[in-house]
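Undergrad: Residue-level listing of the chains:
4 protein chains.
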Amino acid sequence: MQTPIPEYLTELLDDCAGDTSGATADYIPELGEADPNRLALALCTPDGTVYSVGDDSIEFTIQSISKPFAYALALRDRGMEEVDEHVGVEPSGDPFNEISVDPESGRPRNPMINIGAITTHCLVGNPSLTTKARAAVVLDGLSRFAGRTLEVDESVHASEYSTRYRNVALASMARSNGFIDIEPDDAVWGYTMQCSALVTVRDLSVMAMTLALGGRNPVTGEQVVPQWVCRQVLSVMTTCGMYDAAGDWLSHVGIPAKSGVSGGLLGSLPGQVGIGAFSPRLDDFGNSVRGVQLCERLSADMSLHIMELPPPSIDAIGWRSQTDDGDPLIVVQGPMTFPTAELVLRRFEQLPDNGCGIVIDLNPVTRINRVGARMLHEGIRRLEQDGHTVTVLQPEGLLASLS
Amino acid sequence: MQTPIPEYLTELLDDCAGDTSGATADYIPELGEADPNRLALALCTPDGTVYSVGDDSIEFTIQSISKPFAYALALRDRGMEEVDEHVGVEPSGDPFNEISVDPESGRPRNPMINIGAITTHCLVGNPSLTTKARAAVVLDGLSRFAGRTLEVDESVHASEYSTRYRNVALASMARSNGFIDIEPDDAVWGYTMQCSALVTVRDLSVMAMTLALGGRNPVTGEQVVPQWVCRQVLSVMTTCGMYDAAGDWLSHVGIPAKSGVSGGLLGSLPGQVGIGAFSPRLDDFGNSVRGVQLCERLSADMSLHIMELPPPSIDAIGWRSQTDDGDPLIVVQGPMTFPTAELVLRRFEQLPDNGCGIVIDLNPVTRINRVGARMLHEGIRRLEQDGHTVTVLQPEGLLASLS
Amino acid sequence: MQTPIPEYLTELLDDCAGDTSGATADYIPELGEADPNRLALALCTPDGTVYSVGDDSIEFTIQSISKPFAYALALRDRGMEEVDEHVGVEPSGDPFNEISVDPESGRPRNPMINIGAITTHCLVGNPSLTTKARAAVVLDGLSRFAGRTLEVDESVHASEYSTRYRNVALASMARSNGFIDIEPDDAVWGYTMQCSALVTVRDLSVMAMTLALGGRNPVTGEQVVPQWVCRQVLSVMTTCGMYDAAGDWLSHVGIPAKSGVSGGLLGSLPGQVGIGAFSPRLDDFGNSVRGVQLCERLSADMSLHIMELPPPSIDAIGWRSQTDDGDPLIVVQGPMTFPTAELVLRRFEQLPDNGCGIVIDLNPVTRINRVGARMLHEGIRRLEQDGHTVTVLQPEGLLASLS
Amino acid sequence: MQTPIPEYLTELLDDCAGDTSGATADYIPELGEADPNRLALALCTPDGTVYSVGDDSIEFTIQSISKPFAYALALRDRGMEEVDEHVGVEPSGDPFNEISVDPESGRPRNPMINIGAITTHCLVGNPSLTTKARAAVVLDGLSRFAGRTLEVDESVHASEYSTRYRNVALASMARSNGFIDIEPDDAVWGYTMQCSALVTVRDLSVMAMTLALGGRNPVTGEQVVPQWVCRQVLSVMTTCGMYDAAGDWLSHVGIPAKSGVSGGLLGSLPGQVGIGAFSPRLDDFGNSVRGVQLCERLSADMSLHIMELPPPSIDAIGWRSQTDDGDPLIVVQGPMTFPTAELVLRRFEQLPDNGCGIVIDLNPVTRINRVGARMLHEGIRRLEQDGHTVTVLQPEGLLASLS
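Residue numbers (full-length UniProt numbering), protein chains in the order written: chain A, 1 to 403; chain B, 1 to 403; chain C, 1 to 403; chain D, 1 to 403.
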């Protein structure tokens with residue numbers, strides 16, 4: 001048997017291929033020269049399987065899609081507090097290349113607009129790094145997200161640096177306001193280097209899935225950044241990732257996403273899927289026309305929407321049975337987080353107060369977080385306090401490792 | 001045994017009780033007279049269990065927390081397209097009582113600010129309804145979300161109507177721009193009636209859980225609005241619900257929420273929990289000071305954050321075994337949506353191409369959506385096409401009912 | 001001999017007649033039905049002579065051109081302080097029908113935008129007036145400026161009132177913010193009555209000249225409002241009169257002006273000329289296309305620009321001669337204000353300190369203000385203090401009446 | 001006799017001396033170190049007499065007061081059209097150091113905010129000038145306005161350049177938008193040099209009077225810039241000179257003005273007076289507290305307000321008498337511009353059509369502009385056409401030189 005996923009993706013691509021509206025960005029010649037007909041799509045699953053169709057081996061510069069990842073690296077290297085002092089998380093309502101800062105503090109609004117992204121770039125690595133060394137750390141970080149060593153398109157970098165004045169304006173304003181402390185020209189040199197990293201849609205899908213898995217690259221297994229960093233990055237992508245249309249994107253598509261001026265588009269649905277798309281023609285917002293369509297279709301066809309969460313089944317989790325000895329047997333299955341653990345605790349309440357032995361089978365638990373483990377642990381402690389002898393069947397040290 | 005949840009909630013309340021910062025709203029006398037020390041919290045679980053602590057039987061007017069529900073009712077009654085023509089979904093960056101409309105079309109920015117909420121109120125029910133009848137339909141809808149018949153505080157309503165001029169300004173602008181077609185005074189009469197519905201934190205938690213369950217009230221079992229409506233409402237709450245601080249709220253707390261000027265706060269985490277909080281003192285944004293703290297603590301302590309999704313366990317879903325006859329036995333467990341169904345299909349690929357009998361046990365599937373059912377269905381079809389005899393063990397008509 | 005002015009004005013009209021760009025306003029049917037080819041121009045001189053050409057007997061509704069005059073009446077009736085508490089003087093940068101108020105106080109930005117104009121209307125006359133009585137006072141005031149009794153176009157008034165909702169929004173906001181205290185509908189009824197007064201270009205030119213003469217109607221001789229009121233009104237017209245293009249209008253044309261949606265345009269150059277123009281087709285700013293052109297031509301051709309002031313001639317004012325007795329004779333001529341009086345005082349300094357008789361002839365003084373009179377008075381006092389016998393030749397009581 | 005003007009100015013200074021509110025600017029150390037108690041005032045009259053009191057020999061850096069003069073020099077060197085392509089004339093409503101540009105074209109809003117002023121600096125002199133050479137041309141121009149060679153405070157210049165990043169941001173934005181074409185650092189170097197020129201209040205008063213006299217320095221007699229340039233500069237100062245409070249300043253004070261961060265304030269009332277004031281403590285708008293008060297007092301006490309124009313006296317201009325021969329004698333006196341010449345022409349109309357000789361005495365004309373000359377010329381031509389013999393008594397070639 002062959003899984004129908006690739007056929008579905010090919011069909012998606014075919015459905016969108018006919019739309020030739022929009023235009024390639026032309027603010028640097030290298031982008032304008034891109035073949036506008038390129039079209040590619042990749043999906044990465046939680047276990048690192050990557051499906052891809054179309055021009056999936058074509059490399060393009062990552063551009064603004066690097067922003068959430070540089071933000072993740074800055075959070076990794078400087079911590080939440082220091083990064084938060086330098087760049088906010090509020091949507092700006094301004095175009096990406098505007099000087100969008102808090103009117104009182106002068107702090108850049110968020111890391112997804114250029115002034116925030118330049119500031120973020122300067123927060124990666126040790127403050128004492130040279131401009132070149134910092135750019136190398138950023139490139140190394142992007143590569144770890146992608147699971148392979150990414151190269152830089154030097155001609156794009158040179159071209160972007162030679163037309164740098166708007167970005168220099170932003171960097172100068174950030175320096176004037178005290179949010180960066182290096183020469184504006186140097187900050188822009190490093191930032192445009194970051195934007196010139198070359199990726200394919202397969203890379204984007206793996207990078208997206210790494211974010212969606214709490215920082216663990218599903219292909220290499222490396223924990224690239226801590227889990228809390230990904231939560232922060234995905235939140236900011238949700239409100240600030242798609243420029244002016246955050247509300248429409250969230251209600252309509254519901255996948256935290258980031259687009260780039262070269263036509264790339266990355267979508268990251270927590271715990272579920274990483275998406276990479278590529279099509280150079282852009283709409284008026286600067287988002288890839290067909291990249292947006294592909295995401296819309298994926299969301300609609302596959303019910304991939306952040307507000308479309310499967311509620312835990314009430315009937316199936318934590319049910320009650322009997323061991324061969326007539327003692328109660330509680331089989332706990334499925335993911336174990338606050339709402340499911342709460343359910344299990346409620347079932348514990350219904351056990352007879354007769355001091356009988358109790359067997360709790362945690363083997364079918366598919367996943368458990370720290371909160372789930374603590375709640376089960378506390379429930380078992382209380383059962384024992386009530387005089388029960390509790391036997392816990394569990395994979396080696398499941399509760400102990402977390403609670 | 002007793003579940004520790006109530007103790008935890010009491011502890012939470014005690015931790016926040018000492019903060020007496022902020023001030024009650026005073027724009028109408030009735031709000032200013034509220035006892036500022038009131039403090040209450042309620043949690044509703046997916047199966048309709050409600051935990052509550054503090055002043056949980058005190059009724060207060062729902063105020064702006066009615067907005068997402070009126071929006072849900074309008075979507076139910078007029079459909080996505082008609083509602084979308086009348087009110088947008090983008091955050092405004094403006095205070096709630098500003099005339100915040102699209103500069104070109106004049107369309108109210110979103111249903112969470114007053115001009116959008118007044119417009120939304122007018123979209124509930126049949127267009128031919130009288131003002132009174134429409135207000136009754138809205139009140140009936142709010143009651144269905146709460147699972148009990150809500151009353152109106154007539155003195156608050158009278159007071160809000162007598163100081164109505166800012167809202168009349170908004171209604172007049174909406175009428176001038178063609179988004180409502182009734183007298184501004186009437187629209188405001190109905191809207192302030194909606195805001196004057198009396199609720200407790202327990203009501204709010206059930207209303208929130210109903211949204212979080214795709215529209216099904218966990219207490220009454222009634223499907224109050226279709227599932228797509230809830231997805232839309234939760235999305236808009238995420239970007240527009242907490243006024244000026246959407247980005248900070250999403251990254252910091254991560255629970256779609258809505259606050260009201262009387263001190264109520266509602267949080268709705270899809271599939272997981274409904275929260276109602278009440279404390280009349282407000283911060284500068286107009287959000288309940290201690291209500292916000294309670295949500296922050298719940299999010300942090302219980303890992304209740306929309307970006308904190310449990311990735312499906314790779315090892316546990318869709319594993320492979322043997323029947324007594326030596327035929328492959330595939331046991332499929334846990335929630336079955338796109339990413340988990342994809343995994344199952346991939347396992348199907350690994351089955352030997354020898355035309356053996358195959359048993360697929362779907363009994364441990366805890367929940368399945370239409371996409372999951374279609375994907376399994378297609379996989380089984382392909383296995384049969386390959387010459388296998390496939391036996392599906394499943395709860396009565398599971399796949400057939402969906403695919 | 002015939003003065004060439006009428007020929008010049010006819011030529012101007014002919015030069016502009018060919019431009020049929022722009023469109024009549026269509027927000028009420030009555031305006032849209034106006035004959036778009038109408039074209040008229042009138043000039044009023046300081047002595048009340050009115051030149052007019054084209055459709056100079058056609059009446060049209062005054063619309064927004066009533067705003068500076070209602071502002072003048074409010075200042076007359078309530079004084080600077082009270083009016084200033086209710087409406088500001090800063091340009092708004094917003095379209096005329098936006099809710100343009102100070103973000104902190106909620107005070108309307110200026111009396112030339114609708115929210116400020118509605119507020120201003122409510123400040124005319126005694127606060128206890130009924131809506132009808134107030135409208136009558138405003139109409140009476142407009143008539144005094146025009147020098148004849150103006151009528152109201154009742155059908156335009158009815159039509160504007162029936163499509164009043166945007167103005168009701170503005171009035172409601174002003175009431176909500178505490179700047180008016182009557183029912184919004186009533187305020188709009190009165191304001192639209194004011195806007196419906198019928199005028200010709202001849203009326204506009206006389207109204208403009210009345211402002212430019214410090215409030216004295218050059219035809220009737222009535223002092224309609226005090227001089228300080230006109231200074232205030234002309235200042236506000238300069239920064240706020242021509243909507244979004246105040247800077248361009250001031251540098252390019254340099255005549256304080258106000259336009260109306262029916263195609264009227266009024267220009268008022270202090271001390272020099274009053275202009276009325278009429279042509280219904282409007283540009284994108286809502287200003288009469290050909291009305292603007294006529295003003296541009298008048299400014300350029302006739303050096304009518306507020307920054308184009310004739311500096312007082314140094315050689316001619318306050319010269320020194322001798323009487324038949326050999327005593328110094330000082331002939332003072334021309335307008336006598338601060339800079340010219342200063343010059344005279346400086347000449348006084350050069351007189352010999354020999355106690356001789358001095359004759360000062362003030363008969364050729366063309367005009368004198370209070371400051372000029374005081375300065376001359378003080379100079380004469382000092383000459384007498386020095387021991388001179390000073391004889392002042394002057395029109396009956398010139399200095400005494402002022403100083 | 002001694003003129004009372006100096007006594008009056010001393011009194012003014014004493015009245016304002018007690019106000020020690022506000023604070024010196026501290027963004028560069030050199031400004032913060034200024035003695036905050038310094039207080040000086042100077043008036044320059046149309047004939048170049050300068051009255052001054054207080055610390056009138058203290059030099060301070062000109063700062064933003066240089067902006068209107070650099071704008072004048074750019075207009076002189078590049079003409080209206082080219083300058084207008086690079087910088088607008090509309091008030092911005094933004095603080096002086098914001099990036100205030102037209103949202104569509106990116107053109108700086110006006111030459112009085114920094115981004116416009118930097119752009120304007122780059123427009124002075126030949127485009128091929130080096131940075132140093134251009135700064136020298138600007139300094140030479142400022143010196144010509146002042147009537148003496150101004151020096152630069154090199155330590156202030158060095159300090160402003162070392163903290164240049166906000167200005168570099170503005171210059172980079174201007175370069176990015178195509179409005180300057182030199183390196184941002186260089187543009188800021190030159191601009192801060194311009195701001196560092198040292199002046200006294202006496203210098204400011206002469207510079208102001210030069211603008212107010214149509215570009216002729218009343219002390220040196222040099223025509224520094226053409227008359228049309230001054231009209232343009234004064235217009236822009238009126239709407240953009242006093243930052244956020246243009247409307248209030250115009251209605252309240254009515255003198256085109258410009259302030260600087262070092263505490264200087266310049267006022268220029270066309271044809272009447274030039275004012276220089278100095279007091280380092282600034283209000284929240286960045287204007288000198290006591291400088292503003294001095295201007296307010298001068299305006300109120302001396303009726304120095306641009307809307308306070310002396311209307312030409314109707315009785316005195318162009319009257320009718322008889323020569324010894326019984327022929328009509330028309331004596332024309334006072335300033336002769338459009339409204340006065342119009343009056344004269346109207347009197348011509350009343351002359352008998354009997355072909356008599358007519359004597360027109362223009363000797364008492366105090367000043368005449370081109371329009372006035374043309375109109376008289378035309379009137380005389382028509383009288384002759386009617387058969388009159390006209391004798392014109394006039395200063396050598398008065399009409400011929402102009403018409």
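The set of hints was computed from the structure by calculation and includes no laboratory data. Take the hints with a grain of salt, since some may be wrong.
Said to hold, decoys possible - DEER-style ranges, computed between Cβ atoms:
| no. | chain 1 | residue 1 | chain 2 | residue 2 | range |
| --- | --- | --- | --- | --- | --- |
| 1 | C | Asp26 | B | Arg148 | 22 to 30 Å |
| 2 | C | Gln350 | D | Tyr27 | 45 to 53 Å |
| 3 | C | Gln350 | D | Glu183 | 56 to 64 Å |
| 4 | C | Phe285 | B | Glu154 | 43 to 51 Å |
| 5 | B | Ala400 | A | Asp327 | 51 to 59 Å |
| 6 | A | Asp325 | B | Leu198 | 47 to 55 Å |
| 7 | C | Gln350 | D | Arg148 | 25 to 33 Å |
What the hints assert, rightly or not - Partner residues are not named here, just some residues of chain D that face chain A (Cβ under 8 Å, in silico):
| no. | residue |
| --- | --- |
| 8 | Ser172 |
| 9 | Met173 |
| 10 | Arg370 |
| 11 | Arg374 |
| 12 | Gly397 |
| 13 | Ala400 |
Claimed, not checked - Here are some chain A residues the structure puts well away from chain D; computed CB gaps all over 12 Å:
| no. | residue |
| --- | --- |
| 14 | Ser57 |
| 15 | Ser172 |
| 16 | Leu383 |
Just so you know, even glycine gets a beta-carbon here, dropped at the ideal spot from N, CA and C.
Undergrad: Evaluate each hint against the coordinates.
TA: Here's how the hints hold up against the structure:
no.	hint	in the structure
1	C/Asp26 - B/Arg148: 22 to 30 Å	violated (53 Å)
2	C/Gln350 - D/Tyr27: 45 to 53 Å	holds (49 Å)
3	C/Gln350 - D/Glu183: 56 to 64 Å	holds (57 Å)
4	C/Phe285 - B/Glu154: 43 to 51 Å	holds (49 Å)
5	B/Ala400 - A/Asp327: 51 to 59 Å	violated (38 Å)
6	A/Asp325 - B/Leu198: 47 to 55 Å	holds (53 Å)
7	C/Gln350 - D/Arg148: 25 to 33 Å	holds (26 Å)
8	Ser172	holds (4 Å)
9	Met173	holds (4 Å)
10	Arg370	violated (45 Å)
11	Arg374	violated (50 Å)
12	Gly397	violated (56 Å)
13	Ala400	violated (55 Å)
14	Ser57	holds (35 Å)
15	Ser172	violated (4 Å)
16	Leu383	holds (65 Å)
Comparing the model with each numbered hint stated earlier shows that hints 1, 5, 10, 11, 12, 13, 15 do not hold.
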